[in-house]
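Engineer: If you want the building blocks of each chain, they are given just below.
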Amino acid sequence: MHQTKAFNYSVPYYAWLLLFVIAPVILLLFESFMDVHGNFTLNNYQTYFSSGTYIRMTFNSVFFAFMVTVITLAISYPMALIMSRLKHAQFWLMLVILPTWVNLLLKAYAFIGLFAKQGTLNEFLTFVGIGPQQIMFTDGAFMAVAAYVQIPFMIMPIFNSLVEIDQSLVNAARDLGASSAQTLRKVIIPLSMNGVRTGVQAVFIPTLSLFMITRLIGGNRVITLGTAIEEHFLVTQNWGMGSTIGIILIIAMAITMYLTRDRKQGGK
Amino acid sequence: MTQPIIEFEHVAMQYGDNVVLKSIDLEIESGKFYTLLGSSGSGKTTILRLMAGFLTPTAGNIYFEGKNINNVPPEKRRINTVFQNYALFPNMNVFENVAFGMTLKGKSKREMTEKVSEMLALVKLSGYEDREISELSGGQQQRVAIARALANEPEILVLDEPLSALDYKLRKTMQYELRNIQQRLGITFVFVTHDQEEALAMSDWIFVMDDGEILQNGTPVDIYDAPINHFVAEFIGESNIIPGVMREDYLVAFAGKEFENVDGGMRPNEPVEVVLRPEDLDLVDVSEGKLVVTIDDESFRGDYYEITAHDDDQNHWQVQATNSAEVGQRYGLYFDPEDIHIMRLNESEEDFDARLEQYEEEEAPDASD
Chain A
0 MHQTKAFNYS VPYYAWLLLF VIAPVILLLF ESFMDVHGNF TLNNYQTYFS
50 SGTYIRMTFN SVFFAFMVTV ITLAISYPMA LIMSRLKHAQ FWLMLVILPT
100 WVNLLLKAYA FIGLFAKQGT LNEFLTFVGI GPQQIMFTDG AFMAVAAYVQ
150 IPFMIMPIFN SLVEIDQSLV NAARDLGASS AQTLRKVIIP LSMNGVRTGV
200 QAVFIPTLSL FMITRLIGGN RVITLGTAIE EHFLVTQNWG MGSTIGIILI
250 IAMAITMYLT RDRKQGGK
Chain B
0 MTQPIIEFEH VAMQYGDNVV LKSIDLEIES GKFYTLLGSS GSGKTTILRL
50 MAGFLTPTAG NIYFEGKNIN NVPPEKRRIN TVFQNYALFP NMNVFENVAF
100 GMTLKGKSKR EMTEKVSEML ALVKLSGYED REISELSGGQ QQRVAIARAL
150 ANEPEILVLD EPLSALDYKL RKTMQYELRN IQQRLGITFV FVTHDQEEAL
200 AMSDWIFVMD DGEILQNGTP VDIYDAPINH FVAEFIGESN IIPGVMREDY
250 LVAFAGKEFE NVDGGMRPNE PVEVVLRPED LDLVDVSEGK LVVTIDDESF
300 RGDYYEITAH DDDQNHWQVQ ATNSAEVGQR YGLYFDPEDI HIMRLNESEE
350 DFDARLEQYE EEEAPDASD
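Residue numbers (numbering that gives the first Met the number 0), protein chains in the order written: chain A, 0 to 267; chain B, 0 to 368.
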């Protein structure tokens, strides 16, 4: 009796999973074995692995996603650490979360205003005597904006894991002779690794497939897998090739999840 | 007199308007087992945190071997703590936890292995080096926490209600073992508890605290036999507290009669409180009793009967007897003059100690420091 009831309630979830997760992935897999005319083929994969362009593009994606993740982590960890010790921690967390409510496109346009030839940043550089620089459409600009967009998703899990650390563990470390730096290295950082792992997953994977920012800020000089998929589906209409890259992306995500998985509790 | 290892001088602690400790003065001597005894909110844990260095007093001075340590951080104090919830590092195994302090000091691997196995042997956990903390029971975690603190070779070990989470039997065993460890190593222990039985069983010296003040300090026997006031008498063990009048030295009137006793130094006819411990009272024949009581109730407690009774003045009495008594029957109540303890109302600890010293020549030579 109870079992059937529980099953009835879970029907919507299974339906959702089937329709919006499993079915699309199967379709994607199916499509990746189709050529432009709808015939079965392995050519898409062959093209992907034999042409240097796609491999380079994949490497580029991974490299940029890696850089963005590292930058985000370098900024977010100290920020989360400081915030977790502030009196009104929840208020500061709110300020960090607020920008995520603003549409990504609006944020990108705002950065164009800042980074443009006659933008705010260049005005400042002229004012201090360095003179205007080419900021838009550079790798640096792309990474800066991508990192900015991703920071809240890194801060939140790290902040939560830091707040969860029992204060008496920190006291115990100090009590046993650890300086604040040693306490941070030996106790706080190891105990907040779960948050870091979640943050890395939340930033690295979406960054692999970012395409809006590559176009607006990176000026198509930075081509990631996301950009390539968009091109194939919307421009060249080669759905098969787009799907193949999609499958590659899913595999890349699975690898990331595996590498950042939560290893046996407390063990090494 | 030897120099105290820790000394508190008018130490006060307050958060905003909330006064946690009023002016505390205390001295801790090296090599003894001290207990801070009080109910929750009495300020006992605050004293512990001040000693360990997690708090800085808002007024007064704390000295360690004569040097002011008000602003010395915890890692620079030769004092280690056993925390109430053990605070073992969950990301490390037993060995790494116990060796934590030594790792920081950069001790050699061989030295650490030796010390860790020595400490684990001390707390009877030999061979547990590779266990994860999550695999240990509460009692075992407790032992690891003690081993970890002792591995740092502190001058003083402070323990914050370390036994409160353990079951009765384990608590008894740990009380015995802690006392044993303290005596073997000769380290000063400062133990915090709300359990008076625990305090009496383990300590060389007890500080009874209430509401941010030390009410009384002394050996367990002193405090039990001669509580300073109503609060201490009630808090330490069971007691019968009866209003009385001190007629003259060694003569007290209560329950409508006059009795010979051993206290003195009060004004003639001063109103006082009389304390009689339930285990000092005997039920005898009506003709042999100093008072006559009627039995109200009796409950069996295993090793004794707990009997409640009332006398003809409607004072209630608690008696611990080895033999059963019949409810509703009249019995005589017998006690010796030494069993009567007199408490003056609102007497300060200094006056109390001075008076005791004067009138109890034959016992308690160390009632005051």
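Hints listed in this document are in silico derivations from the structure and should not be mistaken for laboratory results.
Any given hint could be a false lead.
Claimed, not checked - Simulated coverage check for chain B against chain A, where a stretch passes if three residues somewhere in it have a Cβ under 8 angstroms from a Cβ of chain A:
{"hint": "1", "segment": "182-195"}
{"hint": "2", "segment": "309-322"}
To be verified - Partial selection, computed: residues in chain A whose CB lies under 7 angstroms from chain B:
{"hint": "3", "residue": "112"}
{"hint": "4", "residue": "113"}
{"hint": "5", "residue": "115"}
{"hint": "6", "residue": "168"}
{"hint": "7", "residue": "170"}
{"hint": "8", "residue": "174"}
{"hint": "9", "residue": "176"}
{"hint": "10", "residue": "181"}
{"hint": "11", "residue": "188"}
{"hint": "12", "residue": "189"}
{"hint": "13", "residue": "193"}
{"hint": "14", "residue": "220"}
Note that CB positions come from ideal geometry on N, CA and C, so glycine has one too.
Engineer: Decide, hint by hint, whether the structure agrees.
Structural biologist: Checked hints:
1. 182-195: With 0 residues closer than 8 angstroms to chain A, the segment 182-195 of chain B misses the three-residue bar; violated.
2. 309-322: Violated, because only 0 residues of the segment 309-322 of chain B bring their Cβ atoms closer than 8 angstroms to Cβ atoms of chain A.
3. 112: With a minimum Cβ separation of about 46 angstroms from chain B (threshold 7 angstroms), the hint on residue 112 (chain A) is violated.
4. 113: 42 angstroms, violated
5. 115: 48 angstroms, violated
6. 168: Holds: closest Cβ of chain B sits about 5 angstroms from residue 168 (chain A), inside 7 angstroms.
7. 170: Holds, because the Cβ-Cβ distance from residue 170 (chain A) to chain B comes to roughly 6 angstroms (cut-off 7 angstroms).
8. 174: Holds, about 5 angstroms.
9. 176: Residue 176 (chain A) check passes; min Cβ-Cβ to chain B is 5 angstroms, inside 7 angstroms.
10. 181: Cβ of residue 181 (chain A) sits 6 angstroms from chain B, so the hint holds.
11. 188: 10 angstroms, violated
12. 189: Interface hint status for residue 189 (chain A): holds (4 angstroms vs cutoff 7 angstroms).
13. 193: 11 angstroms, violated
14. 220: With a closest approach of 43 angstroms, the residue 220 (chain A) hint is violated.
Hint compliance for this structure: hints 1, 2, 3, 4, 5, 11, 13 and 14 are broken, all remaining hints hold.
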